[in-house]
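Chemist: Fit chain B to the known structure of chain A by using the hints.
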Amino acid sequence: MNSGSGWRTPAAPAVGVRAHGWGWRHAGRRDWALHDIDLALEPGERVLLLGPSGSGKSTMLAALAGVLGDDDGSSDEGDSAGILTVDGHDPRSARGAAGLVLQDPDSQVIMSRVGDDVAFGCENLGVPRDELWIRVREALELVGLELPLDHPTEALSGGQKQRLALAGALAMRPGLLLLDEPTANVDPSGVLEVRDAVAAVLARTGATAVIVEHRVESWLDLADRIVVLGADGTLMADGEPRAVLAQRGAALAAAGVWVPGRESRIARRRGPAEHPALLRAERLSLARVAGRPLPVTAHSPLDTTVSAGEVLALTGPNGSGKTTLALTLGGLLAPFAGEVRAEPLLAAGADPRPIRMRSRELLTRIGTVFQTPEHQFLTSTVRDELALGPRTLHLAPAAIDERVDELLARLGLHSLAGANPFTLSGGQKRRLSVGAVLATRPGVLVLDEPTFGQDALTWAAVVELIEELRSGGAAVVAATHDPRFAAAIGAHELAMAGVAA
Amino acid sequence: MTAAATALPSRSGVAAINPVAKIAAALVIALTLAFSVDTVSAGLALALEAVLLPFAGLRWGAFWHRTAPVWFAAPLAGIAVLLYGRPSGRLYLDWWFVEVTDGSLHLAIATMLRVLAIALPAVALFATVDATELADGLAQIVRLPSRFVLGALAAFRLLGLMREDWRALAMARRARGAADRGRLQRFGGLVFALFVLSIRRGSALATAMEARGFGGSTPRSWARRSRFGMREVLLILVAALIAAAAVTTAVVTGQWVIGGR
Numbered sequence: 001m002n003s004g005s006g007w008r009t010p011a012a013p014a015v016g017v018r019a020h021g022w023g024w025r026h027a028g029r030r031d032w033a034l035h036d037i038d039l040a041l042e043p044g045e046r047v048l049l050l051g052p053s054g055s056g057k058s059t060m061l062a063a064l065a066g067v068l069g070d071d072d073g074s075s076d077e078g079d080s081a082g083i084l085t086v087d088g089h090d091p092r093s094a095r096g097a098a099g100l101v102l103q104d105p106d107s108q109v110i111m112s113r114v115g116d117d118v119a120f121g122c123e124n125l126g127v128p129r130d131e132l133w134i135r136v137r138e139a140l141e142l143v144g145l146e147l148p149l150d151h152p153t154e155a156l157s158g159g160q161k162q163r164l165a166l167a168g169a170l171a172m173r174p175g176l177l178l179l180d181e182p183t184a185n186v187d188p189s190g191v192l193e194v195r196d197a198v199a200a201v202l203a204r205t206g207a208t209a210v211i212v213e214h215r216v217e218s219w220l221d222l223a224d225r226i227v228v229l230g231a232d233g234t235l236m237a238d239g240e241p242r243a244v245l246a247q248r249g250a251a252l253a254a255a256g257v258w259v260p261g262r263e264s265r266i267a268r269r270r271g272p273a274e275h276p277a278l279l280r281a282e283r284l285s286l287a288r289v290a291g292r293p294l295p296v297t298a299h300s301p302l303d304t305t306v307s308a309g310e311v312l313a314l315t316g317p318n319g320s321g322k323t324t325l326a327l328t329l330g331g332l333l334a335p336f337a338g339e340v341r342a343e344p345l346l347a348a349g350a351d352p353r354p355i356r357m358r359s360r361e362l363l364t365r366i367g368t369v370f371q372t373p374e375h376q377f378l379t380s381t382v383r384d385e386l387a388l389g390p391r392t393l394h395l396a397p398a399a400i401d402e403r404v405d406e407l408l409a410r411l412g413l414h415s416l417a418g419a420n421p422f423t424l425s426g427g428q429k430r431r432l433s434v435g436a437v438l439a440t441r442p443g444v445l446v447l448d449e450p451t452f453g454q455d456a457l458t459w460a461a462v463v464e465l466i467e468e469l470r471s472g473g474a475a476v477v478a479a480t481h482d483p484r485f486a487a488a489i490g491a492h493e494l495a496m497a498g499v500a501a
Numbered sequence: 001m002t003a004a005a006t007a008l009p010s011r012s013g014v015a016a017i018n019p020v021a022k023i024a025a026a027l028v029i030a031l032t033l034a035f036s037v038d039t040v041s042a043g044l045a046l047a048l049e050a051v052l053l054p055f056a057g058l059r060w061g062a063f064w065h066r067t068a069p070v071w072f073a074a075p076l077a078g079i080a081v082l083l084y085g086r087p088s089g090r091l092y093l094d095w096w097f098v099e100v101t102d103g104s105l106h107l108a109i110a111t112m113l114r115v116l117a118i119a120l121p122a123v124a125l126f127a128t129v130d131a132t133e134l135a136d137g138l139a140q141i142v143r144l145p146s147r148f149v150l151g152a153l154a155a156f157r158l159l160g161l162m163r164e165d166w167r168a169l170a171m172a173r174r175a176r177g178a179a180d181r182g183r184l185q186r187f188g189g190l191v192f193a194l195f196v197l198s199i200r201r202g203s204a205l206a207t208a209m210e211a212r213g214f215g216g217s218t219p220r221s222w223a224r225r226s227r228f229g230m231r232e233v234l235l236i237l238v239a240a241l242i243a244a245a246a247v248t249t250a251v252v253t254g255q256w257v258i259g260g261r
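Line order of the protein sequences matches chains A and B.
Going left to right, the first sequence walks through residues 1 to 501 as our numbering numbers them.
Going left to right, the second sequence walks through residues 1 to 261 as our numbering numbers them.
Here chain A stands alone, though its shape is the one from the complex (with noise of 0.2 Å):
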């Protein structure tokens, strides 16, 4: 790998970072988020930033990246205290000396072609039009995004995506560099493809970089610092990395960390000792868009069937259908061709074709857990949400609450009862999705992508719940990018085949 001055225009240096008593609070909450947050991080150095889900990880790299509230320290989206520097200033007043990368791939493409969107940091900076070329051009090699300048941002895919929103930010040549876990929405191809590109990165620029992950085993390499933030929002550990992995290995653990040779073990249950079919697909071809087939599924249809105290993955790589055979499976979307057929057992009297049953029928039949949890939610607060299915089916209210208490402990989300859904964590929102389809009872329990990108706790919180309906005699189908899912739970295997190109 290159490393030091490969650059046609020169570098930034790197930049350090210091805290002193730092803490933030976010609008209307009486807690702090961070609180008494002392760091000194060194020009050069590149620390994993780890700790649990709503520990305040987010709200630090949003801080230093200096988009945390106005500059004269308090404003609707908080309060700060004590003191956060970024290579001696203030981090809001130095936009730019701080380069960006969040989570969600498809929330930081911001123009419709690939040049423009690294171009626009530049533009923002004021860099001179000959110079801000040749920086995204450096840019896109570097991440090793080779694609015509004006290839459309929407064509790419999630791990491209990162790639270019990295891109975007190296082109601004920041002294340091924050990623707030960037592979925890791409497929683990690309996973490595980020990684690889912040390594080349980091090793071209020397820049200082943040790094929130939970998957450690994937960073270990790259960092020489671990900092832990603790569940109540001050520093709980600092220090070489694999030393902290060593004195903290299981407090971080058991803070959902996915600390390498900790991993959780699932216990398997026994299931239900007979398996009879509970539906059935025949001769399927698919189709996401009413009357537009897949083309896989349309040359080579499918046959498959899903019986009770069983659990089948969809695997296959992305555009293969998984998530629309999900659907299809789930009664949300009507075969192109064939049958989805449920048996007797399932179908209680009301119509054998999942997609003409009605939508309170579904409810005890076929529950379906989306990818996105926010696009499930139709209520504002988490108890109403887990209550909204044994609601719709009429049942006793003593009944609901019974139902709904014990959801709230199993997924421990007890104490954000009367919270509102979408100010939720990402893994508090995973759960919940999963425990408000649970909640009316489904003889077939659907979920897409059910383990993607969620903590070491949540992904053992979802994989135990999805293991006691299953041994329970319900029938589950998965679609999963998440090998170790499929392998903890016993799973059949449906691998759907990649688009020809």
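These are calculated hints, taken from the structure and not from any lab test.
One should not assume that every hint holds.
Claimed, not checked - What the simulated footprint calls covered on chain A by chain B, stretch by stretch (three residues with Cβ under 8 Å from a Cβ of chain B suffice, anywhere in the stretch; the number is not a length):
1) 123-130
2) 164-175
3) 354-365
4) 386-399
Stated by the list, open to error - Over the 10 Å line for every Cβ pair with chain A, so calculated as not near, a few chain B residues:
5) A30
6) L53
7) A68
8) P75
9) F126
10) V129
11) V142
12) R183
13) R231
A virtual CB, placed ideally from N, CA and C, is assigned to each residue, including glycine.
Modeler: Relative to chain A, chain B alone:
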């Protein structure tokens, strides 16, 4: 990657002209023709445009596809005027409020021609406008505030995501047992949910933009220079000539009537 992957229409001839000039050209014709309702000015403008439209940089398939609504709306406007326009001259049909007369027939044809003469060049010119180039032009040539223009441009890109969100929201409602209610109620709920989600997406996008220095105090540079040269002036000039020829002929032949008859 092939050129097809760039999703841009071919950039040559008129298509490559600055969008600001395209807007100006379309406005020149529209504002001029709006002053009179006669067949001569509209007819002549339309005839001149018909000669020029093949050079607008659109393939025929695309041309008919894009202008389909115009071909539908123009006769409709004509028929409305024919049936309900102010009566004058010989009466052809009289039924309730409907009176078809010499005057309304003439006015109907004039209206139809006018809609075509104004809308066809506008649609044909806009069909080759790229949103990014338009934003560049509005900010650099027209000097609209860059915050406003770039914000709108970014929001425009979110529209595609909204379509996906809508489909997912509708399915999720069905999965959650909430889709058996009346169609109207369901629609209302969906619109609200989409609204909430869009605000969230918007604020996430705003954060990403801020993180890249957007909204800072540094004067902005522009990666793409929006050019306004001879080609642009020429396009506007052609539009002005069409408008002038149409007005002159109508005035000379005594047909030009401000505000209709």
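Chemist: Now look at each hint and say whether the structure bears it out.
Modeler: Each hint, compared with the structure:
1. 123-130: The restraint on the segment 123-130 of chain A holds, since 7 of its residues have a Cβ under 8 Å from chain B and three suffice.
2. 164-175: holds (count 4)
3. 354-365: holds (count 5)
4. 386-399: Holds, because 4 residues of the segment 386-399 of chain A bring their Cβ atoms closer than 8 Å to Cβ atoms of chain B.
5. A30: holds, 28 Å
6. L53: Per Cβ check, B/L53 is outside 10 Å of chain A; nearest 27 Å; holds.
7. A68: Holds: least Cβ distance 21 Å, greater than 10 Å.
8. P75: Nearest chain A Cβ is 30 Å from B/P75, so the label holds.
9. F126: Non-interface label stands for B/F126: nearest chain A Cβ at 17 Å, farther than 10 Å.
10. V129: holds, 13 Å
11. V142: B/V142 is indeed farther than 10 Å from all Cβ atoms of chain A, at 18 Å.
12. R183: holds, 13 Å
13. R231: Consistent with the label, B/R231 stays out of reach of chain A, its closest Cβ about 20 Å off (over 10 Å).
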